[in-house]
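The residues making up each chain are set out below.
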Amino acid sequence: MKFKHAKPTIVEADMTPMIDMTFQLIAFFMIVTNFDQTQADERVKLPSDQLARPPLVAREDELVINVGYKRNLAGESIAGPFVFYTGEDVPVLEFGPRFQREFLLVEKVEGKAKAQEMTVVIRSDGDVPTGLIQELIKMGQEAQFVKFALKAKAATEGEEE
Amino acid sequence: MKFRKHQEDGKVEMQMAAMIDIVFQLLIFFMLTLKIVSPEGDFNINMPLGAVAPSNDTPPPLDLKVKLEANPDGSLKQLYFGEIALGNAVPDAFDRLNGKVGGWVGSQDGFSDDLEVELITDYNLHYRHIIKAISACRGRMTADGKQVTYIEKIKFAPIKKPAA
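Same order as they appear, the protein sequences are chains A and B. If you count by this note's numbering, then the first sequence holds residues 1 to 161, one letter each, in order. If you count by this note's numbering, then the second sequence holds residues 1 to 164, one letter each, in order.
For reference, chain B alone in the conformation it holds in the complex (with noise of 0.2 Å):
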């Protein structure tokens, strides 16, 4: 009987080069679409279609009026908690606000559901003074990084248009 030569093992080599092709296509993919981008938040106002009249078995809300002046440059003139003015600086009226807000919160004995901060702002007024205002309003972080919420409902006075 005749036998074969003993062959030698041979090496078997995968084919690299299509997936080496696959994977620096894929990272040129995610190399060009990175976008590097600080995370956003956002703060929810609702703004019924329309305002609906209070029935007379529920108890009107308790608004609070927060109100912004504006500078003709759209700085914040001054700000109003009520009819207490609490200065322009940026950002000591916000916390000042913001400590006002949280007293009268507290003192609600745990009514603050139902509490409503209206605002009430001059139509040039910059956006970013009316986030610090919304901030102020819904609540503050503690040492911790907690939240501590103070009112959740806000809302907008109809809007101011300025003088011709």
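With the rest of the complex left out, here is chain A (with noise of 0.2 Å):
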């Protein structure tokens, strides 16, 4: 009996439409990447507005402080208000010798001139007492900073708190 020998073939996955699905997804999350929030906290419920826009041109420079409450599951703010700086929770208070630490810092290395000209942003939760965000602006003044902005969520109409 005569047996044919079938040569060994091998079965090769065609991965084009793969590579380009994947190509397609890095473009998507790259757009949707936002580089620019990266000091924004969490834990943080801004109030929203819908004047609140964001700057036309970016800063240059700017300290950003967020304060807010420790909150459980529920939402519910069990501690606080602290200013969550560097992963330590300060509270609002005790911030001043910080904001000195980051005047000096910023006066160091590139000027009086620069450091004054930098923006202190206030991420604050909408449930934070104006008393303490005042406060915060005073001991920010006190450490020789001058220009102040408060952030909200922007919103559209009807979108509002």
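No lab work stands behind these hints, which were simulated from the structure alone. One or more of the hints may lead you astray.
Quick list of in silico lysine to aspartate or glutamate cross-link-like pairs, EDC-like style, CA-CA up to 16 Å [as the list claims (entries may be wrong)]: (1) A:Lys147 / B:Asp95; (2) B:Lys160 / A:Glu135; (3) B:Lys161 / A:Glu135; (4) B:Lys67 / B:Glu118; (5) A:Lys147 / A:Glu102; (6) B:Lys67 / B:Asp95; (7) A:Lys114 / A:Glu60; (8) B:Lys153 / B:Glu118; (9) B:Lys11 / A:Glu12; (10) B:Lys35 / A:Glu42; (11) B:Lys35 / A:Asp41; (12) A:Lys45 / B:Asp95; (13) B:Lys67 / B:Glu83; (14) B:Lys155 / A:Glu42.
Restraint ranges, calculated between C-beta atoms of paired labels, are given here [to be verified]: (15) B:Ile36 / A:Arg59: 34 to 44 Å; (16) B:Pro39 / A:Lys70: 18 to 28 Å; (17) A:Arg59 / B:Asp73: 50 to 60 Å; (18) A:Ile10 / B:Pro39: 46 to 56 Å; (19) B:Gly145 / A:Ala113: 31 to 41 Å; (20) A:Ile78 / B:Gly145: 38 to 48 Å; (21) B:Gln15 / A:Gln24: 14 to 24 Å; (22) B:Ala85 / A:Gln100: 37 to 47 Å; (23) A:Val109 / B:Met16: 38 to 48 Å.
From chain B, some residues computed to sit far from chain A (all C-beta separations above 12 Å) [as the list claims (entries may be wrong)]: (24) Val105; (25) Asp114; (26) Arg138.
Yeah, the Cβ is synthetic: ideal placement off N, Cα and C, and Gly gets one too.
Taking the hints as your guide, dock the two standalone chains into a single complex.
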């Protein structure tokens, strides 16, 4: 009896559609990733407002201060308010020395004029007492900062809190 | 003369494995670093280091006073434009404030650049009401989504410490 000896064949999957899809996914994630708001803390529930629009020209230097509460899973505040600063939870009224340290650091590296040009951007939870925000601004002034900005979430009409 | 046998055209295959590895790593990086956040805007407030005494030549800025009183729980008790009470309903009270400020700015015959708003607030008032008040003084949005600016200069009055 005669047997035919079949040559072994290599089965190759067509990778082209998968690579196409993967590149499209990468392009999507690259576009939607926002590296500007890396200093924003997710624990802060910002108030929203229609007039709050991102600045047309991005600031060169800014110091972002996040003020908020520690919350439980239900979203109720359990402690605070704190300034969330480099992994520490600092009570708002104790933030003064850190403001001074920030100013001195920028002054040493870039000079006093540049340090005073820096804007202190306050991202505060909507429930924080205004008096504490004023105290924070006052501590910033004592550390020689001049420019301050208050953050709010951009909202469309009917979307505001 | 001896000729070599004509070789068959070999299929040149690119090595794709390395590229696919890197592409997947990039994909995972972007997926993990993705943070979906709504856009944020801000309101500038200029708080100079010390109050400069006005010279005799320059007229003093026209200060508008907006006062916000708070209930013990931090909610809005009463909103005032000067001495006029505008209520405590949110957002109606702030809409009324916006209308009052707009009317005041309109009556200044183009001198609204000199206007400054001073916010007088109770210590425990929730921050969200201050944002609303600043927004009401700053301007309004038109129906076609353009911003009309009323007053740029906004400052806080000195802190009112709560009675012990």
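Against the structure, the hints:
{"no.": "1", "hint": "A:Lys147 / B:Asp95", "verdict": "28 Å, violated"}
{"no.": "2", "hint": "B:Lys160 / A:Glu135", "verdict": "10 Å, holds"}
{"no.": "3", "hint": "B:Lys161 / A:Glu135", "verdict": "10 Å, holds"}
{"no.": "4", "hint": "B:Lys67 / B:Glu118", "verdict": "8 Å, holds"}
{"no.": "5", "hint": "A:Lys147 / A:Glu102", "verdict": "14 Å, holds"}
{"no.": "6", "hint": "B:Lys67 / B:Asp95", "verdict": "15 Å, holds"}
{"no.": "7", "hint": "A:Lys114 / A:Glu60", "verdict": "10 Å, holds"}
{"no.": "8", "hint": "B:Lys153 / B:Glu118", "verdict": "9 Å, holds"}
{"no.": "9", "hint": "B:Lys11 / A:Glu12", "verdict": "14 Å, holds"}
{"no.": "10", "hint": "B:Lys35 / A:Glu42", "verdict": "10 Å, holds"}
{"no.": "11", "hint": "B:Lys35 / A:Asp41", "verdict": "11 Å, holds"}
{"no.": "12", "hint": "A:Lys45 / B:Asp95", "verdict": "23 Å, violated"}
{"no.": "13", "hint": "B:Lys67 / B:Glu83", "verdict": "9 Å, holds"}
{"no.": "14", "hint": "B:Lys155 / A:Glu42", "verdict": "28 Å, violated"}
{"no.": "15", "hint": "B:Ile36 / A:Arg59: 34 to 44 Å", "verdict": "23 Å, violated"}
{"no.": "16", "hint": "B:Pro39 / A:Lys70: 18 to 28 Å", "verdict": "26 Å, holds"}
{"no.": "17", "hint": "A:Arg59 / B:Asp73: 50 to 60 Å", "verdict": "35 Å, violated"}
{"no.": "18", "hint": "A:Ile10 / B:Pro39: 46 to 56 Å", "verdict": "52 Å, holds"}
{"no.": "19", "hint": "B:Gly145 / A:Ala113: 31 to 41 Å", "verdict": "37 Å, holds"}
{"no.": "20", "hint": "A:Ile78 / B:Gly145: 38 to 48 Å", "verdict": "40 Å, holds"}
{"no.": "21", "hint": "B:Gln15 / A:Gln24: 14 to 24 Å", "verdict": "22 Å, holds"}
{"no.": "22", "hint": "B:Ala85 / A:Gln100: 37 to 47 Å", "verdict": "41 Å, holds"}
{"no.": "23", "hint": "A:Val109 / B:Met16: 38 to 48 Å", "verdict": "46 Å, holds"}
{"no.": "24", "hint": "Val105", "verdict": "15 Å, holds"}
{"no.": "25", "hint": "Asp114", "verdict": "21 Å, holds"}
{"no.": "26", "hint": "Arg138", "verdict": "6 Å, violated"}
Hint violations for this structure: numbers 1, 12, 14, 15, 17 and 26, all remaining hints satisfied.
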